[in-house]
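Those protein sequence lines, which keep their order, are chains W and C. Be aware that the first sequence starts at 1, since it is given in the UniProt record's numbering, and climbs by one per residue. Be aware that the second sequence starts at 1, since it is given in the UniProt record's numbering, and climbs by one per residue.
Honestly, the hints are just simulated from the structure, not real lab data. Glycine residues also receive a C-beta, built at the ideal position from the N, C-alpha and C atoms. Keep in mind that a hint or two might mislead.
Facing chain W, from chain C, some residues (calculated, C-beta under 8 Å) [claimed, not checked]:
| hint | residue |
| --- | --- |
| 1 | H113 |
| 2 | L122 |
| 3 | H216 |
If you want the ones that stay clear, here's a sample from chain C, every Cβ over 12 Å from chain W, calculated [stated by the list, open to error]:
| hint | residue |
| --- | --- |
| 4 | R9 |
| 5 | Q17 |
| 6 | R71 |
| 7 | Q77 |
| 8 | M140 |
| 9 | D232 |
| 10 | N240 |
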Amino acid sequence: MSNTHSDTVAFVRDTMLPQQEPPSSSVGAVGWMRTNLFSGWFNTVLTIVSLGFIAFILYEILPWLISPTWDGTSLTNCREILAGLGDESGACWGVIRERWQQLMFGFYPSDLYWRPVLAFLLLLVAIAPLLFADYVSPKLIWFSMLYPFLAAWLLWGGAIWAPIFAILGFVVGFVVFRYGSKVILPALALAAGVVAAILWWTAIGPAIEAPLSAAIPIGIESVQSREFGGFMLSITIGVTAIMCSLPIGIVLALGRQSDLLLVKAICVGFIEFIRGVPLITLLFVASVLLNIFLPPGTNFDIILRVMIMVTLFAAAYMAEVIRGGLAALPKGQYEGADSLGLDYWQAQRLIIMPQALKISIPGIVSTFIGVFKDTTLVSIISMFDPIGLSNAIRADTAWNGVYWELFIFIGAVFFVFCFSMSRYSMYLERKLQTGHR
Amino acid sequence: MTNVPTMDREIDRSQMQVSDEVAIEISNMNKWYGTFHVLRDINLTVNRGERIVIAGPSGSGKSTMIRCINRLEEHQQGKIIVDGTELTNDLKNIDKIRSEVGMCFQHFNLFPHLTILENCTLAPIWVRKVPKKEAEETAMHFLEKVKIPDQAMKYPGQLSGGQQQRVAIARSLCMKPRIMLFDEPTSALDPEMIKEVLDTMIELAEEGMTMLCVTHEMGFARQVANRVIFMDQGQIVEQNEPEEFFNNPKSDRTKLFLSQILGH
Numbered sequence: 001m002s003n004t005h006s007d008t009v010a011f012v013r014d015t016m017l018p019q020q021e022p023p024s025s026s027v028g029a030v031g032w033m034r035t036n037l038f039s040g041w042f043n044t045v046l047t048i049v050s051l052g053f054i055a056f057i058l059y060e061i062l063p064w065l066i067s068p069t070w071d072g073t074s075l076t077n078c079r080e081i082l083a084g085l086g087d088e089s090g091a092c093w094g095v096i097r098e099r100w101q102q103l104m105f106g107f108y109p110s111d112l113y114w115r116p117v118l119a120f121l122l123l124l125v126a127i128a129p130l131l132f133a134d135y136v137s138p139k140l141i142w143f144s145m146l147y148p149f150l151a152a153w154l155l156w157g158g159a160i161w162a163p164i165f166a167i168l169g170f171v172v173g174f175v176v177f178r179y180g181s182k183v184i185l186p187a188l189a190l191a192a193g194v195v196a197a198i199l200w201w202t203a204i205g206p207a208i209e210a211p212l213s214a215a216i217p218i219g220i221e222s223v224q225s226r227e228f229g230g231f232m233l234s235i236t237i238g239v240t241a242i243m244c245s246l247p248i249g250i251v252l253a254l255g256r257q258s259d260l261l262l263v264k265a266i267c268v269g270f271i272e273f274i275r276g277v278p279l280i281t282l283l284f285v286a287s288v289l290l291n292i293f294l295p296p297g298t299n300f301d302i303i304l305r306v307m308i309m310v311t312l313f314a315a316a317y318m319a320e321v322i323r324g325g326l327a328a329l330p331k332g333q334y335e336g337a338d339s340l341g342l343d344y345w346q347a348q349r350l351i352i353m354p355q356a357l358k359i360s361i362p363g364i365v366s367t368f369i370g371v372f373k374d375t376t377l378v379s380i381i382s383m384f385d386p387i388g389l390s391n392a393i394r395a396d397t398a399w400n401g402v403y404w405e406l407f408i409f410i411g412a413v414f415f416v417f418c419f420s421m422s423r424y425s426m427y428l429e430r431k432l433q434t435g436h437r
Numbered sequence: 001m002t003n004v005p006t007m008d009r010e011i012d013r014s015q016m017q018v019s020d021e022v023a024i025e026i027s028n029m030n031k032w033y034g035t036f037h038v039l040r041d042i043n044l045t046v047n048r049g050e051r052i053v054i055a056g057p058s059g060s061g062k063s064t065m066i067r068c069i070n071r072l073e074e075h076q077q078g079k080i081i082v083d084g085t086e087l088t089n090d091l092k093n094i095d096k097i098r099s100e101v102g103m104c105f106q107h108f109n110l111f112p113h114l115t116i117l118e119n120c121t122l123a124p125i126w127v128r129k130v131p132k133k134e135a136e137e138t139a140m141h142f143l144e145k146v147k148i149p150d151q152a153m154k155y156p157g158q159l160s161g162g163q164q165q166r167v168a169i170a171r172s173l174c175m176k177p178r179i180m181l182f183d184e185p186t187s188a189l190d191p192e193m194i195k196e197v198l199d200t201m202i203e204l205a206e207e208g209m210t211m212l213c214v215t216h217e218m219g220f221a222r223q224v225a226n227r228v229i230f231m232d233q234g235q236i237v238e239q240n241e242p243e244e245f246f247n248n249p250k251s252d253r254t255k256l257f258l259s260q261i262l263g264h
């Protein structure tokens, strides 16, 4: 109905028009290309130039990448193979074929490779109930809780009693907390539980463990931390830091928003200090300085020290990412929870955190990816992560001068892990989408 | 002042009895935001079964006052006694009062990550420790009462504003509160949806619920309230029965307010 005659001509529609098909040029592949690639002369030119550029890059790089040097036994040998084919340059993939196991496992004894492989496969099982809660039975979470002890035992080996006594420490702490909280304040009971667990790990446990492992020596061959290396090392440090930094980050983020001045000051101080210091400095502290401060003779594993530093570093960043999520939540959500009589921890757990974490997923996963890649920095403190190993491999005269091939391979493996994390976060965001907020 | 909009249904007053029992007692309550004196010397006694509408210009402290009743805002002076329990810093008392006092907000404040049913069962399960099954039955009962049982499995984001506000009312009712607070429940709604929310509130009133409503719906005030309170600059300026309040306002400020809100 046009406006022009609306005062003079009355109009009432008595039949509604049926829906019609859209024009064929706006749907399907043709429609997609018209809107996305060729919408106007400028975009058409851009599309053609970009395609030309991509073709040029591939033309230059592909011949180098696809080079028949998988059987090369040294850099010189590779060059001979290439010269025989009349190619001027090409990648020397022989180094990957010969050294890929080292890049994966470092100097781990080769007859024990099954242990890290098994630990990795079990890792996939352990994280399944956390990542795909819809498809996996929640009972598997028990395995996820046992996994850290199992993995540590598989990787480092030694007597079976060590992981069992480590678990028992948590059990002791929990039991003390559980029964203590019925008698005294929950906060005091928690402190008592922590003290009991530490007492168990440092005094009571070892006292029982020593005669026990002497009497019943069940165990597997132990492997020293300095034999760890390659992606095994990166994954061990990375996964630990990722798994531990999230809960610590949540606690720090909540602490930073706390009304309790002391708690707030501690959290802010920690976050700002850690964020203000480069990771490398923390790693140097872990590798060199801690030994000076610790009592002589204490055997504090280097990988454990690095794990703690990387975890604390990641946790500080995580806290800020989560604080962003908390700040994005409308105040009404807190009030809604309060008005129903939920207490602080219930409100945080049931209302605030699920939403704040959901908002922060992109940031959290970015931090995860960053931490995982930052594990390569341990090469600076002479641990043999893939980057450190690439130097070690070049020290071999046969492979002196091989750079690109090693870095491309290491990069590709890192990419697989990081890209998987990124895709998973997108899946998770879609899954948690519950209509517009 | 005859053109107060009226509701288009008869109201069943058989259950609407005001008892002598005191539900809320506020005496000499003062509150400051920083140095700004938002609430000045508030004295208010609400008996069980009373339906009170609180009106006033924006910034007059009416929302702040009812938010003090369940401690979403803290008062600094005076006394608030709800259901015989005084509001102090004792967290136990605060949580107890909050679980007895239902509240509906202007922006509903439903939990967007939970379904409608989960929104309604959350507090009964965690605060009242009701078994899940029983909580769900109660929730469905109240969702039927607000006429949206078929939306139970949807998320708040998929519902219209009016439906969301009715869910919010149902969510509060699931805690079986003895007092309901409404903070501008219809202000964020399209005109078409205001009526469905008001109808739900009227039904509640008909069942004898003690209600305090901050609202600009003067038709609702006139028909349902047994007392209208007018606030300005953090003080109660005038309170009266609705007929007297609308037809014969005493203070000049009230007259001005009514002429502006009803004049057009």
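Verification of the hints:
no., hint, verdict
1, H113, "5 Å, holds"
2, L122, "6 Å, holds"
3, H216, "20 Å, violated"
4, R9, "29 Å, holds"
5, Q17, "27 Å, holds"
6, R71, "8 Å, violated"
7, Q77, "21 Å, holds"
8, M140, "18 Å, holds"
9, D232, "25 Å, holds"
10, N240, "29 Å, holds"
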